[in-house]
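Enquirer: Since the structure of chain A is provided, determine the placement of chain B on it from the hints.
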Amino acid sequence: MSTIIKFDIKELKKLANDKNSCIIEKKVTQNLALQPWCLGNLKESIKNLLDYKIGKFDKEFNGILLSYKNLRILQNVGTIRNDNADIHFQVQADYFIFRPFVGATLTGVVNKKSTTHLGILVHRVFNVVIPRPTEEPGNMWVGSNIQEGQEVKFRIVVLDLFGALPYIRGQLDDRCVKLGPDGDDDEEVEKKPTSTINVSYVDFDKTKPYSQKQIGDGLPHSTSKNNTKLINSGKMQLKISSPGTVNESFNQSVNGKSGSTKAKNVESEISVTEKNKTKRQSKLIESEQKQFEAQLKPNKKHKRDVQ
Amino acid sequence: MSGTPKSVAASLMQKTLERQAALARMRLRFTKNQVEQILVNCVRNNNTGPYLELVKVLREYPLNEDNFRIVFDDSLSCVVLLGREMTQYVDVVCNIEWLDRSEELVELYRKFVLNLVTAHTYHCPIVMMRLVTLFKGDGENWEDSPPSELLNKWSHIHDIIGHIVAIMPMTSDLLMHIIIEQFPYYKAGCYVNRAYIYNLIWISKYLPSLQEQIMTAVINKMISMDVNIAEYEKGKSETMFEMDIDCQDEVSVTLDYCMLEVLKWLEDERDPIMNVLCTVFERVVLPTYGIRHVQFLLLYTISINQQCADRVLEHLWTIAAGRQGMGPGALTTRKTAASHLAGLLARCVRVPNTRLIKYLKSMAEWCHSYISATQESTAACDNTKAHGAFHAICHAIFYLVAFKHHLLFMNKENVNFVESLNLPRLVTCALNPLRTCPPQVTRAFSSITRSHQVVYCQGIIEKNARHTLQSTAVQQYDEWFPYDPYNLPISGKIIWPLCIDYKDWLKEGDDETQYSSMKRKLEEDDDYLVMASPTQRLASSLSHGISPGFRTSENIFI
Numbered sequence: 001m002s003t004i005i006k007f008d009i010k011e012l013k014k015l016a017n018d019k020n021s022c023i024i025e026k027k028v029t030q031n032l033a034l035q036p037w038c039l040g041n042l043k044e045s046i047k048n049l050l051d052y053k054i055g056k057f058d059k060e061f062n063g064i065l066l067s068y069k070n071l072r073i074l075q076n077v078g079t080i081r082n083d084n085a086d087i088h089f090q091v092q093a094d095y096f097i098f099r100p101f102v103g104a105t106l107t108g109v110v111n112k113k114s115t116t117h118l119g120i121l122v123h124r125v126f127n128v129v130i131p132r133p134t135e136e137p138g139n140m141w142v143g144s145n146i147q148e149g150q151e152v153k154f155r156i157v158v159l160d161l162f163g164a165l166p167y168i169r170g171q172l173d174d175r176c177v178k179l180g181p182d183g184d185d186d187e188e189v190e191k192k193p194t195s196t197i198n199v200s201y202v203d204f205d206k207t208k209p210y211s212q213k214q215i216g217d218g219l220p221h222s223t224s225k226n227n228t229k230l231i232n233s234g235k236m237q238l239k240i241s242s243p244g245t246v247n248e249s250f251n252q253s254v255n256g257k258s259g260s261t262k263a264k265n266v267e268s269e270i271s272v273t274e275k276n277k278t279k280r281q282s283k284l285i286e287s288e289q290k291q292f293e294a295q296l297k298p299n300k301k302h303k304r305d306v307q
Numbered sequence: 001m002s003g004t005p006k007s008v009a010a011s012l013m014q015k016t017l018e019r020q021a022a023l024a025r026m027r028l029r030f031t032k033n034q035v036e037q038i039l040v041n042c043v044r045n046n047n048t049g050p051y052l053e054l055v056k057v058l059r060e061y062p063l064n065e066d067n068f069r070i071v072f073d074d075s076l077s078c079v080v081l082l083g084r085e086m087t088q089y090v091d092v093v094c095n096i097e098w099l100d101r102s103e104e105l106v107e108l109y110r111k112f113v114l115n116l117v118t119a120h121t122y123h124c125p126i127v128m129m130r131l132v133t134l135f136k137g138d139g140e141n142w143e144d145s146p147p148s149e150l151l152n153k154w155s156h157i158h159d160i161i162g163h164i165v166a167i168m169p170m171t172s173d174l175l176m177h178i179i180i181e182q183f184p185y186y187k188a189g190c191y192v193n194r195a196y197i198y199n200l201i202w203i204s205k206y207l208p209s210l211q212e213q214i215m216t217a218v219i220n221k222m223i224s225m226d227v228n229i230a231e232y233e234k235g236k237s238e239t240m241f242e243m244d245i246d247c248q249d250e251v252s253v254t255l256d257y258c259m260l261e262v263l264k265w266l267e268d269e270r271d272p273i274m275n276v277l278c279t280v281f282e283r284v285v286l287p288t289y290g291i292r293h294v295q296f297l298l299l300y301t302i303s304i305n306q307q308c309a310d311r312v313l314e315h316l317w318t319i320a321a322g323r324q325g326m327g328p329g330a331l332t333t334r335k336t337a338a339s340h341l342a343g344l345l346a347r348c349v350r351v352p353n354t355r356l357i358k359y360l361k362s363m364a365e366w367c368h369s370y371i372s373a374t375q376e377s378t379a380a381c382d383n384t385k386a387h388g389a390f391h392a393i394c395h396a397i398f399y400l401v402a403f404k405h406h407l408l409f410m411n412k413e414n415v416n417f418v419e420s421l422n423l424p425r426l427v428t429c430a431l432n433p434l435r436t437c438p439p440q441v442t443r444a445f446s447s448i449t450r451s452h453q454v455v456y457c458q459g460i461i462e463k464n465a466r467h468t469l470q471s472t473a474v475q476q477y478d479e480w481f482p483y484d485p486y487n488l489p490i491s492g493k494i495i496w497p498l499c500i501d502y503k504d505w506l507k508e509g510d511d512e513t514q515y516s517s518m519k520r521k522l523e524e525d526d527d528y529l530v531m532a533s534p535t536q537r538l539a540s541s542l543s544h545g546i547s548p549g550f551r552t553s554e555n556i557f558i
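For the record, the sequence lines run as chains A and B.
So in the UniProt record's numbering, spot 193 of the first sequence is number 193, and the numbers just go up one at a time.
So in the UniProt record's numbering, spot 153 of the second sequence is number 153, and the numbers just go up one at a time.
Note that these hints are calculated values from the structure, not bench results.
Computed from a predicted model, the values in this text were never measured in an experiment.
Wrong hints could be hidden among the right ones.
[Said to hold, decoys possible] Using C-beta positions, here's what the derived DEER-type ranges look like:
id: 1; chain 1: B; residue 1: ASN41; chain 2: A; residue 2: ASP160; range: 41 to 49 Å
id: 2; chain 1: A; residue 1: GLN171; chain 2: B; residue 2: PRO147; range: 48 to 56 Å
id: 3; chain 1: B; residue 1: ARG84; chain 2: A; residue 2: ASP173; range: 21 to 29 Å
id: 4; chain 1: A; residue 1: ASP160; chain 2: B; residue 2: ASN95; range: 23 to 31 Å
id: 5; chain 1: A; residue 1: LEU42; chain 2: B; residue 2: GLY290; range: 25 to 33 Å
[Claimed, not checked] Using 27 Å as the maximum straight-line C-alpha spacing, the simulated DSS-like pairs for lysine-lysine come out as follows:
id: 6; chain 1: A; residue 1: LYS208; chain 2: B; residue 2: LYS32
id: 7; chain 1: B; residue 1: LYS111; chain 2: A; residue 2: LYS153
id: 8; chain 1: B; residue 1: LYS187; chain 2: B; residue 2: LYS412
id: 9; chain 1: A; residue 1: LYS208; chain 2: B; residue 2: LYS111
[Unchecked claim] Residues from chain A that keep clear of chain B, each with C-beta distances beyond 12 Å, as calculated:
id: 10; residue: ALA33
id: 11; residue: GLN35
id: 12; residue: LEU50
id: 13; residue: LYS56
id: 14; residue: ARG81
id: 15; residue: ALA85
id: 16; residue: ARG99
id: 17; residue: PHE101
id: 18; residue: ASN111
id: 19; residue: THR115
id: 20; residue: THR116
id: 21; residue: GLY119
id: 22; residue: ASN145
id: 23; residue: GLN150
id: 24; residue: ASP160
id: 25; residue: LEU165
For each residue, glycine too, the CB sits at the ideal point set by N, CA and C.
Bound-form chain A, shown alone (with noise of 0.2 Å):
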């Protein structure tokens, strides 16, 4: 279960209150059935099998289980049933179940627009699609003059829970959404596919080449920005550069600012005792520091290329 898809129990039990979000909670008696090298640590190997069941739908359930709380282990000992392995559990806990049904009315982000369809995430992790109906006379579409990262309510018309993901597709609830002055804004999608989205959890400076290495070196941001903007610009067709020159450029960068210690950072490129980094160190202002130590890091790297 990866960390994206974990929900807050507070946040959950928001949206439970919410008669509109078809989350539910329920509390729910089960049969689980344990391997026996799952003994070791019952309550663990308990927890992980519910992990894993996190975000997959799940016929018990009716619905694609997104947390539980409360976890209790209704037995002291375990049945073993027809000859089989598995050693069997009943486990009690509630669960936050997301139950959609064809005709329920949800409300989502818009993430993705394009001229076909409207992507939608409901409660941050599902997808939703709301394709431009075909069929339809004329080239007006309220989905048209809806931005990307603006709320939207839709009726749920198809759906599919059994696949790896999920399938929602919805309807714009035509009330909802009012009827721009000008219908169409096609062209302007059309302009700026581009636009990076802002997640916390997909870093997209590192997609492109080259930014390890600065990442590596913990740059400071000032010059950091600086090196990413030019690499961005140059539009990756620097020639690659070793770690080394990468320092270098870097030093430079720093000493330039730094003035009067220059000679002194200089010196440190070389290769110095740990006493002597630190004494330098005290006698940096304050302000300073962090860029010293950010320095610090490459030259560890080249002491250890000189042993």
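Expert: The following block gives chain B in isolation, referenced to the frame of chain A:
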């Protein structure tokens, strides 16, 4: 090679056919909206003829730029129609070569893929699978870092994967699943495996939440390589002829480069990733018996990060002593933990002496309390299985004393410490740990302790020898020492400086570290191989140095 007229005719035929195919490819031209028409027709009117033809054409002919643009523009405009029944078409379209094309077309492909997966989530597995398989392309191994063109291409793939995961958070599980499923076979070659691991590490950088799972997958794969190398080496000594050597060398080269990639990863990300590595080590590496190389990642980690070192050593000790939460744990795991602990304390340069002393002390204390506990119970049976953990920890103590003699018998103070461990009681106790101790450890331990007048074990050793003469079964010793010198040349350059070589106390004045001798060995590589005559090999194999556990870098290349 033009032999018979028949073959000439055949080759002529072949050429004609090829030319015709090339011509057809040249002539293949989609008109604008043609593809869209076909698709719409198929969905609305159930007219599958042209659709199937289109699929066939797309599968067999490489597209030129114009056709590529038309196909993707049209597919883009009718993305909504590409439902489940069009899976075949989706598969074919996603498989069209796109990485080598211009920026604009790559952008088009990206847009199509993003639209497709958001409109139809059930196509996501196919699309992801196609993207991940692209990491397994052919290519040439690289030295320092991959060529920039390749990096550029890969970054396009990563960009798409990143966007898909950003828009559809639930795909992260799916992605992980596909990554593990698509992992190349361990014998598939060095480049393929290295490139794949390189890209997995890249993925872990922009999807930090997958870090641990990716690390687990990578380490798992490397362990399977490692185990196979070890298996092979075992087999080598038994067979008379050296067969399929190339294939095996390939695996060790592969492992070498994979180790290099992971070491670079550790060096880049440091603290967070090192903690992850420790967790993975505890879960995956520790239960594996008999591997030779992967554990050196841990040695690297603990030499760089003191917190990790303390964490790992503490964990190993709790497992070896059977003190973790639920029950004492499996005997094999405890034995492995003991040998890892002894190996790390002995071989790692950066482990401070205070740690060595601390763990020697706690091991000895544990053993003494074990002896006291068993004395009170029934007469000590010589069931080595029941007391396996005790034996393993005793061996760890003997090994450490024999290996670290330079330090432990350096001055009076240290000798006093060794005496305070009360080793004679361990040696002479009824459980007789020396009986199961590997002979080379016994030999080194007894000679060093005798010379410093700490323990006299000769009597016990001889008594044990007499017992083994009586019994018919051949005694099997546990001869696996996880941190015997590392012998992969490329990643070794990073690892060797962190290891200590064993120094026999009888040989004096040999001040060489493992690193320098290894380096020298590599430099004079060719000459060395020529010079090593059979008699020399025999001579060196008779000396102490070659025995496992005390193996020095001198003899691993033989």
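Enquirer: Does each hint hold? Answer for all of them.
Expert: Hint check results:
For the hinted restraint 41 to 49 Å between ASN41/B and ASP160/A, the CB-CB distance of approximately 26 Å leaves it violated. For GLN171/A and PRO147/B, the hinted distance range of 48 to 56 Å is satisfied, since their beta carbons lie about 50 Å from each other. At roughly 26 Å, the beta-carbon separation of ARG84/B and ASP173/A lies within the given 21 to 29 Å, and the hint holds. At roughly 25 Å, the beta carbons of ASP160/A and ASN95/B sit within the given window of 23 to 31 Å.
Between LEU42/A and GLY290/B, the C-beta spacing of about 31 Å keeps the proposed range 25 to 33 Å intact. Between LYS208/A and LYS32/B, the direct Cα distance comes to roughly 34 Å. Violation of the 27 Å bound is thereby established for this hinted pair. As the CA atoms of LYS111/B and LYS153/A are separated by approximately 26 Å, the hinted pair is consistent with the 27 Å bound. Distance restraint check for LYS187/B and LYS412/B: the Cα-Cα separation of roughly 54 Å exceeds the 27 Å cut-off, and the hinted pair is therefore not satisfied.
The straight-line distance between the Cα atoms of LYS208/A and LYS111/B is roughly 18 Å, inside the 27 Å bound, and the hint therefore holds. For ALA33/A, the shortest C-beta to C-beta distance to chain B comes to about 20 Å, beyond the 12 Å cut-off, and the non-interface label holds. The non-interface label for GLN35/A is consistent with chain B: the shortest C-beta to C-beta separation is roughly 15 Å, beyond 12 Å. The claim that LEU50/A is not at the interface with chain B holds, since no C-beta of that chain comes within 12 Å of its own (minimum 15 Å).
Not every beta carbon of chain B lies more than 12 Å from that of LYS56/A, the smallest distance being close to 9 Å; the non-interface claim is violated. Once the 12 Å rule is applied to beta carbons, ARG81/A is consistent with being away from chain B; the minimum gap is 25 Å. ALA85/A, annotated as away from the interface, keeps every beta carbon of chain B farther than 12 Å; the closest lies near 18 Å. At roughly 17 Å, the least C-beta separation between ARG99/A and chain B is larger than 12 Å, which holds for a residue marked as non-interface.
In this structure PHE101/A is separated from chain B by more than 12 Å, as the shortest Cβ-Cβ distance comes to about 18 Å. The beta carbon of ASN111/A is not kept farther than 12 Å from every beta carbon of chain B, the shortest such distance being approximately 6 Å. Listed as a non-interface residue, THR115/A fails to keep its Cβ farther than 12 Å from every Cβ of chain B; the least gap is roughly 7 Å. The beta carbon of THR116/A sits about 5 Å from the closest Cβ of chain B, which is not more than 12 Å, so the claim that it is off the interface is violated.
Its closest Cβ contact with chain B, about 4 Å, brings GLY119/A to no more than 12 Å, contrary to its assignment away from the interface. Remark: the non-interface label on ASN145/A is consistent with the geometry, its nearest Cβ contact in chain B lying 19 Å away (cut-off 12 Å). Annotated as non-interface, GLN150/A keeps its C-beta farther than 12 Å from every C-beta of chain B; the closest such distance is 15 Å. Some Cβ of chain B comes within 12 Å of the Cβ of ASP160/A; the nearest lies about 8 Å off, and the non-interface call is violated.
LEU165/A, annotated as away from the interface, has a beta carbon of chain B within 12 Å; the closest lies near 4 Å.
Going down the numbered hints, you'll see the structure goes against 1, 6, 8, 13, 18, 19, 20, 21, 24, 25, while the others check out.
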